[in-house]
Amino acid sequence: MSPYLRRHGMILLRRVEASAPGKVILFGEHFVVRGYRALATAIGLRARVIVEESRGGSIRFISPNLKLEESISLNLENPIHREFEVYTAILRSLKSRGYTIIPHNVIIDSDIPLSAGLGSSASTSVAYTLAYTTLHDSPLREDELLEVSLEGEKIAHGKPSGIDVNIAVSGGTIVYKRGEKPIRIADVNIPRGYSLLIIDSGIKRSTRDAVEHVLRLSGDYWSIMEYIYRAADAIIDDAIEALRAGDMRRLSTLMNINHGLLSSIGVSRLELDMIVNSLRESGALGAKLTGAGWGGCVIAIIEDNIIDSITSRLLKYKVYRTLINASGARVDYST
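294 is the number that numbering that gives the first Met the number 0 gives to position 295 of the sequence shown; each next residue is one higher, with no gaps.
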């Protein structure tokens, strides 16, 4: 039983805990918007959602990380806190598929930093959907889990690309192209002795503004931008080969090249470039921004034997050490 719920004296019945991974875009961010490819991978940071039956007659959402709590009726009215609208959208979708809406408590916890381009909303959407349907002894097929979880993502992002939810459901590493089914990369070989560092710049940015900037630039200067888009797409093929061969140095060099392309289209900024340069000077094999840019996170491939010396130069930032090609959504506990 959750310590939180034990303290508050709730009467509990069945309990399911599910989790789903976050993601980083290794290559192809922004270029994917115009129909080119992106390469994304699941990371070891996970969102966890506990769903517990309750006799309270309502649905109670609890987010200790955000210090938010709210109850709604089984009629699924919109919650006061927008952060919980994701879950009511999912419940409406499940109700349309024949699921009964029952009183339950929802506890949301996550290792994944919020609003950092790491797929936190998709991970919680997937974990909640999996936990709730497992509680009903009627889990969804993988494609159904994807569809229902996307309803939650639409609340969070309006028109989600689908990358985040695909990764949260299936894990691993995928090639994504808008309008096409993602291609899962088999035989990824990550040798021991390497880690992925995620450095959160702490700078909040608008994904929409960054995307619109790149679209305007590509519209005004397509005769030049086309070559940048083609170069970014060519990186994808080399990166897949490097991942299958376990060639982390080649993969890292491709990351450095990709960061240069992103800088050339104006989605980096001084603070991100300073982090990237500091990482490289400290011995990182490769470093680049990930996601929309103008803020958010930088990722780097690091040899494990120099982790401490590198992180000591990044004390002003939140730094996460993790792995890539992590497993997808799963039920971690069920009673």
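Treat each hint with caution, since some may be false.
[As the list claims (entries may be wrong)] With a cut-off of at most 27 Å between alpha-carbon atoms, the simulated DSS-like pairs for lysine-lysine come out as follows:
1) K203 <-> K315
2) K180 <-> K153
3) K203 <-> K153
4) K94 <-> K315
5) K317 <-> K203
6) K66 <-> K180
Hints in this document: simulated from the structure, not taken from any laboratory.
Going through the hints against the structure:
Restraint check: the Cα-Cα separation between K203 and K315 comes to about 16 Å, which is no more than 27 Å; the hinted pair holds. Straight-line distance between C-alpha atoms of K180 and K153 comes to about 19 Å, which keeps the hinted pair within the 27 Å bound. Between K203 and K153 the alpha-carbon distance is near 20 Å, which keeps this suggested pair within the 27 Å criterion. As the CA atoms of K94 and K315 are separated by approximately 46 Å, the hinted pair breaks the 27 Å bound.
Our distance criterion of 27 Å between C-alpha atoms is met by K317 and K203, whose separation comes to about 14 Å. Restraint check for K66 and K180: the C-alpha separation of about 38 Å exceeds 27 Å, so the hint is violated.
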